[in-house]
Amino acid sequence: MNELGVIWLTIKLATVTTAWLLVLGTPLAWWLANGHSRWRTAVEAVVALPLILPPTVLGFYLLIAFAPDSSLGQLWQQLTGSRLAFSFSALVIGSVLYSMPFVVQPLQAAFRQLDRGLLEAAAVLGAPARDRWLTIILPSCRHSFITAASLGFAHTVGEFGVVLMIGGNIPGETQVLSIALFDRVESLQFAQAHALAAGLMAFSFVMLYLLYRRGDGNWRLQS
Amino acid sequence: MSELHLKLQLQRSNGFNLDLDTVIPPRTCTAVYGASGSGKTTLLNCVAGLQHPAAGSTIRFGANTWLDHNTEVATHQRQVGYVFQDARLFPWLSVSDNLDYALRRRHRSDGPSREQVCDWLQLQELLPQEPAQLSRGQQQRVAIARALLSAPQILLLDEPLANIDQVNRRQILGHLQTVQRETGLPMLFVSHDIEEVTRLADWLVVLEGGRIRAQGPTLDLCSQLDLALAHEEQAAAILEAEVGERDAEFGLTRLSFAGQSLWVTGVSAATGARMRLRIPARDVSLCLQPPQQTSILNVLQARVTAIEDSQSDRLLVQLEAAGQLLLARLTRKSVVNLNLQTGQLVYAQIKSVALLSDEPH
Numbered sequence: 001m002n003e004l005g006v007i008w009l010t011i012k013l014a015t016v017t018t019a020w021l022l023v024l025g026t027p028l029a030w031w032l033a034n035g036h037s038r039w040r041t042a043v044e045a046v047v048a049l050p051l052i053l054p055p056t057v058l059g060f061y062l063l064i065a066f067a068p069d070s071s072l073g074q075l076w077q078q079l080t081g082s083r084l085a086f087s088f089s090a091l092v093i094g095s096v097l098y099s100m101p102f103v104v105q106p107l108q109a110a111f112r113q114l115d116r117g118l119l120e121a122a123a124v125l126g127a128p129a130r131d132r133w134l135t136i137i138l139p140s141c142r143h144s145f146i147t148a149a150s151l152g153f154a155h156t157v158g159e160f161g162v163v164l165m166i167g168g169n170i171p172g173e174t175q176v177l178s179i180a181l182f183d184r185v186e187s188l189q190f191a192q193a194h195a196l197a198a199g200l201m202a203f204s205f206v207m208l209y210l211l212y213r214r215g216d217g218n219w220r221l222q223s
Numbered sequence: 001m002s003e004l005h006l007k008l009q010l011q012r013s014n015g016f017n018l019d020l021d022t023v024i025p026p027r028t029c030t031a032v033y034g035a036s037g038s039g040k041t042t043l044l045n046c047v048a049g050l051q052h053p054a055a056g057s058t059i060r061f062g063a064n065t066w067l068d069h070n071t072e073v074a075t076h077q078r079q080v081g082y083v084f085q086d087a088r089l090f091p092w093l094s095v096s097d098n099l100d101y102a103l104r105r106r107h108r109s110d111g112p113s114r115e116q117v118c119d120w121l122q123l124q125e126l127l128p129q130e131p132a133q134l135s136r137g138q139q140q141r142v143a144i145a146r147a148l149l150s151a152p153q154i155l156l157l158d159e160p161l162a163n164i165d166q167v168n169r170r171q172i173l174g175h176l177q178t179v180q181r182e183t184g185l186p187m188l189f190v191s192h193d194i195e196e197v198t199r200l201a202d203w204l205v206v207l208e209g210g211r212i213r214a215q216g217p218t219l220d221l222c223s224q225l226d227l228a229l230a231h232e233e234q235a236a237a238i239l240e241a242e243v244g245e246r247d248a249e250f251g252l253t254r255l256s257f258a259g260q261s262l263w264v265t266g267v268s269a270a271t272g273a274r275m276r277l278r279i280p281a282r283d284v285s286l287c288l289q290p291p292q293q294t295s296i297l298n299v300l301q302a303r304v305t306a307i308e309d310s311q312s313d314r315l316l317v318q319l320e321a322a323g324q325l326l327l328a329r330l331t332r333k334s335v336v337n338l339n340l341q342t343g344q345l346v347y348a349q350i351k352s353v354a355l356l357s358d359e360p361h
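As you go down the protein sequences, you meet chains A and B in turn.
The numbering of the first sequence is the working numbering, which starts it at 1 and goes up by one.
The numbering of the second sequence is the working numbering, which starts it at 1 and goes up by one.
By construction, these hints were calculated from the structure, which means they are not laboratory data.
You can trust all of the hints, since none of them are fake.
Here are some of the chain B residues that sit facing chain A, going by a computed Cβ distance under 8 Å:
1) A48
2) L50
3) H76
4) V80
5) G81
6) Y82
7) F84
8) D86
9) R88
10) W92
11) Y101
12) R105
13) H107
Here are some, though not all, of the chain B residues that point toward chain A, as calculated from beta-carbon distances under 7 Å:
14) T75
15) A102
16) S150
Just the calculated beta-carbon pair ranges, DEER-fashion:
17) B:S13 with A:Q77: 50 to 56 Å
18) A:G35 with B:P91: 24 to 30 Å
19) B:R136 with A:A129: 28 to 34 Å
20) A:W133 with B:S312: 55 to 61 Å
All residues carry an ideal CB built from backbone N, CA and C; glycine is no exception.
Let's have the full structure, built from the sequences with the hints guiding it.
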């Protein structure tokens, strides 16, 4: 497995994960920002868990949940015809759970600060709810969506513990950058390890630099 | 034009109660007047569907039922225009795009055109700008234009001139009068400024603590001594008069009503036009005999119809001159010295007259 394959797989995982994060994280963040349910605080805490838990804890539970003899594993087998454990899909599910707070928190903060007055103004001008979402909420929160997507992407690229537990280090299927780096070090291939480590570091720095330079400084990761 | 039926009940946790049941007759402009906390904005929000009154409330506008026990029309389908106290322009859109936002979603196809609206509110130079670059007054002009472009059936205005300096207020009031004249669009206007009310509104609803204290033609209510309106520092009577002959030498124009007349400077309206005038109570003084050799041009014969019954040092006196009501603010000492009584004939000297509109209502 060459390094390019590893990088391609990592980008693919981060892209698919980010897409799922936005699809699932946006309604969740909206509910957390506006909901009055008594479950709200509990859900908020669960979403934030990956920020403080060792990733191996999440990975351990997922490993058990994804096992071929578990109910989730069997359900997956019936629905898709393929095994869930040590698959690319398993990595996506794990990454979505693990990176969820990085997407939900900035969106939740943005939804809380949303100017309700503008939504009212749009409604009076004849915009129905869906229209208001697209023309008022999305543009109002566009910086936060960019922040959320960037953090979700970068964090997925950089994750290690969960992938180590549930991925199985299969080249082309589950061997992403961080795992490949670990692999190279273990087999004493320091030249390749250096390349991967430096690349990952440069990528993360550039990503954060671009985010912070955009001056979206009113939100910082909080755990 | 349509009647507005309102039966509203709303209880807020802070103890405030809105409780009214009324029919506002079809008019060009109805003002809802009251102190802050009297429920004016809540009333507008209920009409727009932005606040939800308690079960049993009904709102009907003409043939449309917006709210009753089994209907609640959503805000975006009520076809109302709303000018908020803060302009609420979309900050990421230019002025021009803000207008287009309304135009693309307009409630009816027969509303005014973009060119007309920009002309009425003088927006041409503002179109390419961003809302953040505009002054408060300019933002409010854009907000009014945006509301008009959505082609509403009724325009709601929530103290649109609050926090705007005097010069711009006058200008925007003028724009709103132009809009009234050009479109005939019914307006429901919330204000606690007596000048705005008297310039724009021909029907007045006085709110007090969430209830309707009085309602009727603006001309009548302004001069009623038992309403807070008459006790403002700016208290004034509103009269309607017809433009008559001109005295070119001194630049005066005769404004007449029911056999009496006032000579006023600076009238541009054509002869025969009807005008609305405002006579501040503090600029009216009374004599028991026809005054002679006075600098005051305008003296009306009037009858005292009511005298404020209070121990304050300055009292309001309500007069009737040829069927129209006037107010005079006198010191209590003067009232005592002249021994003024209800029903008495007096001569009212009028020091100043403000023209409210060049156009009839």
